[in-house]
Amino acid sequence: MTNKRKKIKLGIALIPVIFLIVALSLVIGVFKQRDPHIPLICSAAVAAIVAVIHKHPWKEIHEGMVHGINLAMGAILILMIVGIMIGTWIQGGIVPSMIYYGLKVLSPGIFLVATLIICSIVSLGTGSSWSTAGTVGVALIGVGAGLGIPVSMVAGAIISGAYFGDKMSPLSDTTNLAPAVAGTDLFSHIRHMVYTTAPGYVLCLILYGFLGAKYSGGILQTEKIETIISTIRSNFFVHPILLIPPLLVIVMVVKKIPPLPALLGGVVLGGIFGILAQSKSLLEVIQAAKSGYVSETGVALVDKLLSRGGLDYMMNTVALIICALCFGGIMERTGMLEVLARSLLKRVRRTGSLVATTIFSCIGMNAIGSDQYMAIVIPGRMFKSAFDLQGLHPKNLSRCLEDAGTLTSPLIPWNSCGAFMGATLGVNPLVYLPFAFLNLANPLVSIFYGYTGITMEKAEKPD
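Residue numbering for the sequence shown follows this note's numbering, starting at 155 and increasing by one per position.
Be aware that one or more of the hints could be misleading.
[Stated by the list, open to error] Straight-line C-alpha distance at most 27 Å; calculated DSSO-like pairs for lysine-lysine:
1) K458 <-> K538
2) K612 <-> K186
3) K160 <-> K500
4) K458 <-> K258
5) K161 <-> K209
6) K538 <-> K163
7) K209 <-> K163
8) K258 <-> K213
9) K213 <-> K161
Think of the hints as simulated: they come from the structure by calculation, not from any bench.
Start from the sequences and build out the full structure, keeping to the hints where you can.
Here is the structure:
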């Protein structure tokens, strides 16, 4: 005779969430530790205990964890390849060349705006925020440091530009996933997102222009720039031909070659240029791919910029993603996330509150589920009927899912996207969060439209 499962109530479903908040506050806020791995593992254990008490079998809990991890396996593989690629690209002189020419061309006054536009174009063409950050993003971090611009601002501009394309490009997986979940078509979804994305993007241009102006003119530290340029020139072979690998990777992704082989092609090109252009041995290339490149120029700023990458460099982030998705997987499989989502619907009365509830649910799912796909799929599945009851076109829901589910994912350190961006750019998401203007503005614009009714299109009535 099997034990009948007990129904999990809202107060019980909140226990693992509250425990996670308290544990993260203790470890990060009080103990000043950067890594949230242990709080996430402990929170997963609490969620499992709650599930067992409510008669959920261990097999189901285990399957939930494995399923959660499986959701991010593609992302984990890309993360590992990007780490290897960064190591070989620095050793091969590719990233140093990008920094070198960037310092030659860009000035502090226009740098943040240029960073936003460059990352927007690349991400729009590739549909991938991760590829954008792993290629031009890495170089722009170095250029910004050379120009004396705070790394938090530079990373914020990179994130805003990278996620503009991740949200708007028809090549993006999330741009295809959101309308599929909501029940609308791809291009109706993209056109409808222009209403929330355009105001946020204009705001970005204004704010980055204003911030950049503060670093123009006399603030430009020409001696430091010349030191970086001369150090790179004396330690690397620098030539425009070294810009070919990032261009080829971007072209490959635009041509719909899957990200893994495209990025692996970038790794191979990095190794080839390391051997041919920088006179490195095959052993040195392998070491850079595994352990990262270690710069020993004697110039502290250059060594800090270029000592990074490698497979080992990403393993802490891989562990973080696995820990987070174990917790999210248990919460999803045992129905606790569904309980939390359904409780929110009880307070929904009008379009404004429905949009706001959807937005905050996506943000919460990014924090609890630790993955942007869960932040799109679960709220999309939960709120679809509510949008139908309000007589709203499904593209309103799909837009909300992207405005919050896609755009807030890189702002949470333990989310798979936040962990990737933090590791790739070398900047904690909490540091760049105040300057990721597009990611912050879009959810607010979406909520404003919900309460005012602007662009909230009604569903077409059947004939």
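Against the structure, the hints come out as follows:
no.	hint	verdict
1	K458 <-> K538	violated (48 Å)
2	K612 <-> K186	violated (49 Å)
3	K160 <-> K500	holds (22 Å)
4	K458 <-> K258	holds (20 Å)
5	K161 <-> K209	holds (9 Å)
6	K538 <-> K163	holds (22 Å)
7	K209 <-> K163	holds (14 Å)
8	K258 <-> K213	violated (59 Å)
9	K213 <-> K161	holds (18 Å)
This entry does not satisfy hints 1, 2 and 8, going by the numbered hints stated previously.
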